[in-house]
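Residue numbers (our numbering), protein chains in the order written: chain A, 35 to 164; chain B, 127 to 254.
Just so you know, the hints here were simulated from the structure itself, not pulled from any lab data. Heads up, some of the hints might be wrong.
[As the list claims (entries may be wrong)] Pairs of lysine-lysine residues, derived as DSS-like cross-links and limited to a Cα-Cα distance of at most 30 angstroms, are as follows:
no.	chain 1	residue 1	chain 2	residue 2
1	A	156	B	146
2	A	157	B	171
3	B	234	A	65
4	A	156	B	207
5	B	246	B	204
6	A	145	B	146
7	A	65	B	194
8	A	109	A	151
9	A	65	A	54
10	A	151	B	234
11	A	160	B	179
12	B	171	B	207
13	A	135	B	248
14	A	65	B	192
15	B	179	A	145
16	B	246	A	160
17	A	157	B	196
18	A	156	B	246
19	B	164	A	65
20	B	204	A	160
21	B	179	A	135
22	B	234	A	135
23	B	194	A	145
24	A	157	A	145
[As the list claims (entries may be wrong)] To give an idea of the interface, some chain A residues facing chain B are shown, with a C-beta separation under 7 angstroms as derived from the structure:
no.	residue
25	63
26	79
27	110
28	130
29	141
30	155
31	159
32	161
In this text the structure is predicted, and so the values were computed from the model without any measurement. Here a beta-carbon is modelled for each residue, glycine too, at the ideal position from N, C-alpha and C.
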Amino acid sequence: MLLNSNLEKINETKSFFIKKDLLELQHWLTKLEENHQELDYVQVIHQQIIQDTETAYSLQQERRKNTLALASLCKYEQQLKKVLEYSYEVYDLDLAHQHEKKRVEFINTDKSFFAFKISFYKKLSKYNIR
Amino acid sequence: MNNKSQAIFFHDDEHNISHKRNTYELEHWISHLIFIAKEIDYLHKMCKTDKGKECYFLKIELDRNKNKNKQLISRLEKYGKSRDILNECEDMECDRLFIHHHEIYRSKYYRFIAEYRAIKEKLFNLIT
């Protein structure tokens, strides 16, 4: 009886943590999707105004990084959902570390996007817009 | 970021892990807002050309957002400093209070980002 109630408590805590991770992950995915949409705008501005190979190349690179990060986070989302559904262990350090690794991945992608945008704006400010 | 003190260890309990994660998150929010401050200056310049009333109003909205952004950065920095006393928390209530505060700041950050994004979209639609 006591063992059962302990197991229930462990599972409850674990579910809570995984749900929290999933919520945070959802925000990361939304942010990366928004970055993707913004890249579409940037591409239009580039085609209309800047039109140089270097920017076109970095734009492509940025889009690739963003897509890869999105794919990796989507895969992680599926893993977490599986753990939430099927596993009956404690929320262990491996899960916490995995989440932190994904956080670093997300932050690096986002920071690279910031850097790209700043260099894009710098270039754009040299042109007279219409 | 103080990686050594903020790394997650085997002996950390659920609250400690939550606090450490919240600290990482807070740092990213602040660096994003600092980037937005720079971005607003560039967007302001893009709106300089003769685009009539729409551009004029967008510039006003951008200025308003710049002020809001500045205020939010200083609030988050203050909140970050207040988190230094986290280690002194002795009961669950204190831990929960910090986690609750973090959620309040999270909603403030998301609300600002959503507003700012809407303005940016208007501007991009105007110049493309």
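Status of the hints after comparison with the structure:
A distance of roughly 36 angstroms separates the Cα atoms of residue 156(A) and residue 146(B); the hinted pair therefore is violated under the 30 angstroms criterion. For the hint pairing residue 157(A) with residue 171(B), the CA-to-CA distance comes to about 12 angstroms; that is within 30 angstroms, so the pair holds. Taking the CA atoms of residue 234(B) and residue 65(A), the gap is about 16 angstroms. The hint holds against a cut of 30 angstroms. With a C-alpha separation of about 34 angstroms, the suggested pair residue 156(A) and residue 207(B) falls outside the 30 angstroms cut-off, and the hint is violated.
Restraint check for residue 246(B) and residue 204(B): the C-alpha separation of about 28 angstroms stays at or below 30 angstroms, so the hint holds. Simply put, residue 145(A) and residue 146(B) have alpha-carbon atoms about 21 angstroms apart, close enough for the 30 angstroms limit, and the pair holds. Distance check on the hinted pair: residue 65(A) and residue 194(B) sit about 20 angstroms apart at the alpha-carbon level, within 30 angstroms; holds. A C-alpha spacing of about 27 angstroms is found between residue 109(A) and residue 151(A), which places the hinted pair at or below 30 angstroms, so the restraint holds.
With a C-alpha separation of about 17 angstroms, the suggested pair residue 65(A) and residue 54(A) falls inside the 30 angstroms cut-off, and the hint holds. The hinted pair formed by residue 151(A) and residue 234(B) meets the criterion: a straight-line CA distance of about 24 angstroms does not exceed 30 angstroms. A distance of roughly 24 angstroms separates the Cα atoms of residue 160(A) and residue 179(B); the hinted pair therefore holds under the 30 angstroms criterion. Restraint check for residue 171(B) and residue 207(B): not satisfied, since their Cα atoms lie roughly 34 angstroms apart, outside the 30 angstroms limit.
Distance check on the hinted pair: residue 135(A) and residue 248(B) sit about 35 angstroms apart at the alpha-carbon level, beyond 30 angstroms; violated. Of the supplied pair hints, the one linking residue 65(A) and residue 192(B) holds, its CA atoms being roughly 21 angstroms apart against a limit of 30 angstroms. At most 30 angstroms may separate the alpha-carbon atoms for a hinted pair to count; residue 179(B) and residue 145(A) exceed this at roughly 34 angstroms. The suggested pairing of residue 246(B) with residue 160(A) holds, with an alpha-carbon distance near 20 angstroms, which does not exceed 30 angstroms.
In summary, the hint linking residue 157(A) to residue 196(B) is supported, as the alpha carbons are separated by about 26 angstroms, within the 30 angstroms threshold. Between residue 156(A) and residue 246(B) the CA atoms are separated by roughly 17 angstroms; this keeps the pair inside 30 angstroms, and the hint holds. Using a Cα cut-off of 30 angstroms, the hinted pair residue 164(B) and residue 65(A) holds, with the two alpha carbons roughly 19 angstroms apart. At roughly 37 angstroms between alpha-carbon atoms, residue 204(B) and residue 160(A) are farther apart than 30 angstroms, so this suggested pair is violated.
About 47 angstroms separates the Cα atoms of residue 179(B) and residue 135(A), which puts this hinted pair outside 30 angstroms; it is violated. Only pairs whose Cα atoms come within 30 angstroms are accepted, and residue 234(B) paired with residue 135(A) is accepted, the gap being roughly 26 angstroms. Between residue 194(B) and residue 145(A), the direct Cα distance comes to roughly 22 angstroms. Compliance with the 30 angstroms bound is thereby established for this hinted pair. Note on residue 157(A) and residue 145(A): the hinted pairing holds, with a Cα-Cα distance of about 19 angstroms set against a maximum of 30 angstroms.
Against a cut-off of 7 angstroms between C-beta atoms, the interface hint on residue 63(A) is violated, since the closest Cβ of chain B lies about 14 angstroms away. Against a cut-off of 7 angstroms between C-beta atoms, the interface hint on residue 79(A) holds, since the closest Cβ of chain B lies about 6 angstroms away. Hint on residue 110(A) is violated. Least Cβ distance to chain B is approximately 15 angstroms, over the 7 angstroms limit. For residue 130(A), the interface hint holds, the least distance from its beta-carbon to any beta-carbon of chain B being 5 angstroms, beneath 7 angstroms.
The closest approach between the C-beta of residue 141(A) and any C-beta of chain B is roughly 6 angstroms, which is under the 7 angstroms cut-off, so the hint is satisfied. Given the 7 angstroms rule on beta carbons, the hint for residue 155(A) holds: about 4 angstroms separates it from the nearest Cβ of chain B. This hint holds: residue 159(A) has a C-beta 5 angstroms from the nearest C-beta of chain B, less than the 7 angstroms allowed. Because the closest C-beta pair between residue 161(A) and chain B is about 10 angstroms apart, greater than 7 angstroms, the hint is violated.
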